[in-house]
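Chemist: The opening residue of the sequence shown carries number 0 in numbering that gives the first Met the number 0; numbering runs sequentially from there.
If you're looking for bench data, these hints aren't it; they were derived computationally from the structure.
Below, simulated EDC-like cross-link-like pairs (lysine to aspartate or glutamate); rule was C-alpha separation at most 20 Å, straight line:
1) 761 <-> 935
2) 690 <-> 158
3) 392 <-> 321
4) 954 <-> 669
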Amino acid sequence: MLKVTRKTKRWIGALLALVMLVIIVSIVPASRSSGSDHVLGTVQASPNRLEKKTAASASAGNRYEDYAAKYADEPHPSGTQRIEGESYAASDGMKVSAMEDYEGAATPVVATEDSGAIHWDVDVPEDGLYHIGLRYFPMAGNTSPIERELLVDGKVPFEEASRLVFSRVWRNELNMLEQDAKQNDLRPRQVESPQWQERILRDAEGYYREPFSFYLSKGQHRISLVSLREPMIIDYLTLFQQEEIPAYASMAQTYQELGYETTNGLFIKFQGEDAAFKSNPSLYPLNDRSSPGTEPYHVSKIRMNTIGGVNWKIPGQWISWEVDIPKDGLYEFGLRYKQNTVRGVNVVRELSIDGKIPFKQAEAIPFRYNGAWQIGTPGEDGKPFLFYLTKGKHQIKLELTMGDLAETIRMVRSSIQQLNSLYLKIIMITSASPDPLRDYELEKKIPELQKVFEAQSNLLTAAADRMDEMVGGTSASTTILRTTSYQLKDLGSRTETLTSRLKSFKDNVTALGTWLLTVNQQPLEVDYLFFKSPDVSLPKVSTGMIGKSVHEVMSFARSFSEDYSHISNEKKDEKTVTVWIAAGRDQAQLLRSMIDNSFTPHTGISVNLQLVNPAVVLPATLAGKGPDIALTQSDVINFAMRNALQDLSAFPEFDKVRDRFMGSAFASFDYQDGVYALPETQSFPMLFYRKDILEELNLDVPQTWEDMYRIIPELQKHNMDLALPQNIVFESMLYQNGGRFYQEDGIATDLDSAIGIETFRKWTELYTNYKLPIEFDFINRFRTGEMPIGIADYTTFNFLTIFAPEIRGQWNFVAVPGTRAEDGTVRHDTMSTATGTVMFKNAKNKEASWAFMKWWTDTEAQVTFGREMEAILGESARYAAANLEALQQLPWSAKELNQLVDELEWVVGRPAVPGGYSLDRHIYNAFYEVYTEGSEPRETLENYVRTINQEITIKREEFDLPTK
Numbered sequence: 000m001l002k003v004t005r006k007t008k009r010w011i012g013a014l015l016a017l018v019m020l021v022i023i024v025s026i027v028p029a030s031r032s033s034g035s036d037h038v039l040g041t042v043q044a045s046p047n048r049l050e051k052k053t054a055a056s057a058s059a060g061n062r063y064e065d066y067a068a069k070y071a072d073e074p075h076p077s078g079t080q081r082i083e084g085e086s087y088a089a090s091d092g093m094k095v096s097a098m099e100d101y102e103g104a105a106t107p108v109v110a111t112e113d114s115g116a117i118h119w120d121v122d123v124p125e126d127g128l129y130h131i132g133l134r135y136f137p138m139a140g141n142t143s144p145i146e147r148e149l150l151v152d153g154k155v156p157f158e159e160a161s162r163l164v165f166s167r168v169w170r171n172e173l174n175m176l177e178q179d180a181k182q183n184d185l186r187p188r189q190v191e192s193p194q195w196q197e198r199i200l201r202d203a204e205g206y207y208r209e210p211f212s213f214y215l216s217k218g219q220h221r222i223s224l225v226s227l228r229e230p231m232i233i234d235y236l237t238l239f240q241q242e243e244i245p246a247y248a249s250m251a252q253t254y255q256e257l258g259y260e261t262t263n264g265l266f267i268k269f270q271g272e273d274a275a276f277k278s279n280p281s282l283y284p285l286n287d288r289s290s291p292g293t294e295p296y297h298v299s300k301i302r303m304n305t306i307g308g309v310n311w312k313i314p315g316q317w318i319s320w321e322v323d324i325p326k327d328g329l330y331e332f333g334l335r336y337k338q339n340t341v342r343g344v345n346v347v348r349e350l351s352i353d354g355k356i357p358f359k360q361a362e363a364i365p366f367r368y369n370g371a372w373q374i375g376t377p378g379e380d381g382k383p384f385l386f387y388l389t390k391g392k393h394q395i396k397l398e399l400t401m402g403d404l405a406e407t408i409r410m411v412r413s414s415i416q417q418l419n420s421l422y423l424k425i426i427m428i429t430s431a432s433p434d435p436l437r438d439y440e441l442e443k444k445i446p447e448l449q450k451v452f453e454a455q456s457n458l459l460t461a462a463a464d465r466m467d468e469m470v471g472g473t474s475a476s477t478t479i480l481r482t483t484s485y486q487l488k489d490l491g492s493r494t495e496t497l498t499s500r501l502k503s504f505k506d507n508v509t510a511l512g513t514w515l516l517t518v519n520q521q522p523l524e525v526d527y528l529f530f531k532s533p534d535v536s537l538p539k540v541s542t543g544m545i546g547k548s549v550h551e552v553m554s555f556a557r558s559f560s561e562d563y564s565h566i567s568n569e570k571k572d573e574k575t576v577t578v579w580i581a582a583g584r585d586q587a588q589l590l591r592s593m594i595d596n597s598f599t600p601h602t603g604i605s606v607n608l609q610l611v612n613p614a615v616v617l618p619a620t621l622a623g624k625g626p627d628i629a630l631t632q633s634d635v636i637n638f639a640m641r642n643a644l645q646d647l648s649a650f651p652e653f654d655k656v657r658d659r660f661m662g663s664a665f666a667s668f669d670y671q672d673g674v675y676a677l678p679e680t681q682s683f684p685m686l687f688y689r690k691d692i693l694e695e696l697n698l699d700v701p702q703t704w705e706d707m708y709r710i711i712p713e714l715q716k717h718n719m720d721l722a723l724p725q726n727i728v729f730e731s732m733l734y735q736n737g738g739r740f741y742q743e744d745g746i747a748t749d750l751d752s753a754i755g756i757e758t759f760r761k762w763t764e765l766y767t768n769y770k771l772p773i774e775f776d777f778i779n780r781f782r783t784g785e786m787p788i789g790i791a792d793y794t795t796f797n798f799l800t801i802f803a804p805e806i807r808g809q810w811n812f813v814a815v816p817g818t819r820a821e822d823g824t825v826r827h828d829t830m831s832t833a834t835g836t837v838m839f840k841n842a843k844n845k846e847a848s849w850a851f852m853k854w855w856t857d858t859e860a861q862v863t864f865g866r867e868m869e870a871i872l873g874e875s876a877r878y879a880a881a882n883l884e885a886l887q888q889l890p891w892s893a894k895e896l897n898q899l900v901d902e903l904e905w906v907v908g909r910p911a912v913p914g915g916y917s918l919d920r921h922i923y924n925a926f927y928e929v930y931t932e933g934s935e936p937r938e939t940l941e942n943y944v945r946t947i948n949q950e951i952t953i954k955r956e957e958f959d960l961p962t963k
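Make the full structure from the sequences, and use the hints.
Modeler: Right, here's the structure in full:
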């Protein structure tokens with residue numbers, strides 16, 4: 000008789016429970032639909048209503064709505080005037096090259112660089128408003144979208160014309176998806192596919208539905224394009240009037256008049272992931288395993304079966320597909336999509352066929368929120384639209400626009416700017432932490448206070464009402480609008496309570512900025528698209544509850560056998576290198592693809608790539624179970640001291656490889672005359688400043704610490720602060736004055752030198768005498784204007800670009816403040832941090848490992864990795880490459896890159912010595928003793944220097960290093 004153990008009983012019980020769960024789930028109807036079939040009905044816009052309700056609130060700055068209102072009664076002259084690119088009148092700061100027969104252009108074209116300006120003189124035949132079009136070809140650059148500023152007669156006509164964006168064209172490198180050794184689809188690499196494009200000048204942020212209209216009086220005018228980012232080839236510009244797009248009712252009548260007939264029995268499906276072209280490299284195929292109805296499907300393997308998602312969220316991004324239509328006639332259009340990210344907002348796409356929008360409603364097709372996949376067909380009043388297509392190939396393009404939401408977003412943005420401006424005026428009087436019992440007489444000092452509160456309250460209420468109208472009910476996205484509107488209304492009626500509620504007011508304005516960032520992003524994921532005859536039924540959106548249950552059970556079962564963390568091609572031979580990467584799966588997959596595409600085919604060396612937790616590298620190495628190579632290591636000194644790393648300077652071509660980097664990048668990788676890592680990343684601080692606030696206060700950007708000392712009281716007089724992190728300030732001051740952290744060979748610290756002591760005194764006085772804050776949220780306070788100047792790592796630039804869209808164009812960065820030398824020059828020394836690639840001493844094949852390290856830190860590999868990571872994760876993930884040539888090829892504008900390269904010349908590497916951790920620890924202890932207890936700086940520092948030196952001596956003795 001078989002013996003039934005407790006373990007067996009538990010397994011049987013678990014299996015029975017699982018079976019019962021499947022039966023119950025299959026029988027009981029779902030409480031929430033797994034998908035829905037519906038007509039994507041357009042919402043009729045009523046922007047005038049919103050404009051009238053908010054007429055009392057003027058927009059902030061020289062906005063396009065002010066410009067358009069000023070010239071609203073001007074005529075729109077008919078006719079088209081073409082301005083050939085090669086007819087330019089002059090150029091400034093750039094070399095313009097004329098070319099003939101370029102990429103099929105019928106006339107000569109001109110190549111413009113990524114900085115400077117080009118000008119055309121135009122004779123305008125009559126007064127009026129004109130649209131401006133541009134035919135351009137993207138030149139090879141740093142892969143960023145092209146940006147230009149438009150000037151008319153030397154001036155920017157309105158603020159939005161200072162940044163015009165022109166997209167590039169991208170595609171999958173291969174027509175077929177590749178798979179790894181485990182039959183998982185690999186993300187296809189995106190490559191640029193430049194082609195001629197025609198673009199009407201319009202708002203880069205998508206805040207205006209219509210293209211810009213420029214007023215030009217009769218006579219001669221100079222039109223200029225100023226390069227902000229990336230080179231571009233220009234064929235011609237046009238002054239014209241965009242044709243009015245007919246409504247669907249008019250187009251349907253035209254169909255009848257032309258005798259177009261509906262087709263019968265046809266269903267043409269094309270997969271979303273098979274897109275022909277796209278505007279951004281981030282629009283690559285995605286994997287969805289949330290539904291067995293997604294095509295293609297596999298229960299456990301990775302299949303690239305959708306496109307878009309959170310990567311398709313920025314206005315102006317587009318995806319196009321090529322479809323082969325078998326017969327002339329009228330078709331319905333539809334798609335299987337998922338919009339499960341933005342609640343209370345209709346995500347909008349503009350549909351064009353062969354470069355033309357078929358009718359007015361196709362300009363803004365709404366996609367409603369639902370947690371599951373949906374099938375939708377654009378239509379009106381419950382009836383799908385019909386599209387006339389001829390037999391043959393057609394290009395279908397969906398572009399992200401804001402639709403009717405544009406007016407609402409524009410108004411909320413204007414409100415945020417005015418409320419931020421008011422907040423700054425208030426804190427200039429009260430400070431950010433006012434005395435709640437003091438009467439600051441704000442109504443007298445800010446006469447417009449009550450009026451602004453009331454006007455902005457009405458504006459936000461109108462914006463919330465409009466959003467409710469657009470979704471046909473109560474929108475979940477209006478909560479913060481109504482909350483802030485209520486608070487503003489209450490503050491307007493009880494201004495005496497403002498000082499006690501100032502923090503709440505600031506928090507709500509900050510929340511409005513976050514709302515703007517969220518709503519401005521419009522993600523949409525597409526599984527497949529289709530054209531069908533009206534008599535053909537829509538496809539099923541899902542496989543039903545039984546299919547879903549089987550999918551969940553099988554996925555659970557397969558999860559025990561599938562290993563998604565092992566990123567390996569599973570090839571094992573004598574020339575195999577084991578590489579550990581302590582990063583995310585996206586980074587690992589990208590590196591795996593790069594290895595398979597360019598490293599292994601050229602060297603014959605296989606790479607066993609593994610994802611690991613950073614904390615396991617050192618223990619595994621000491622236990623003899625480490626890899627051959629580890630990437631992105633920062634604490635190299637701990638490995639080198641323990642004789643665990645290979646000295647790279649012993650390899651041939653090391654000096655040639657070293658020339659790829661600044662010498663400062665190796666400072667923390669040098670130990671005892673050896674070099675134990677090749678740099679991957681190197682970052683350093685820059686000075687960030689708000690241009691608008693400094694201009695308002697008539698302050699110049701500080702170039703030296705003397706300038707900073709003059710600015711501090713001016714800002715504090717207006718109750719503003721500076722963000723000066725203690726460690727960055729001390730390091731910069733120390734090295735700018737010729738000081739250093741350690742004596743030669745790191746035997747002892749050099750902070751007790753005359754320079755070290757004097758620098759420590761000045762450093763502590765900044766915080767004791769000038770009362771600078773030592774803890775702060777720089778990003779948010781810079782955003783609100785409370786901290787208009789601050790020092791932060793240069794990668795903060797990308798974060799601000801994404802996180803604070805409402806202050807775009809109002810801030811910049813420059814080198815950290817410097818110290819003026821006796822000869823008059825200014826030293827901008829500052830310290831960098833670096834990560835590197837290390838080879839372990841017990842590597843089985845050191846020559847193969849060295850070959851991998853040379854390849855990985857080379858310009859081509861670093862540029863590819865940096866660009867691809869930005870394509871995958873967005874602009875905020877821009878790679879801080881240590882390779883100098885790679886840094887210059889990443890998507891920085893020419894102006895931004897010049898600032899970085901100039902400061903990089905002054906960067907000093909952070910030295911790493913045994914026991915060096917004690918310096919960081921005790922320098923802060925010394926600082927806080929002076930800051931909190933008022934101790935004498937010199938005596939305090941000397942006491943802690945002795946402690947630092949004792950720890951360094953102990954650590955050097957531990958590793959048999961000289962101590963004298």
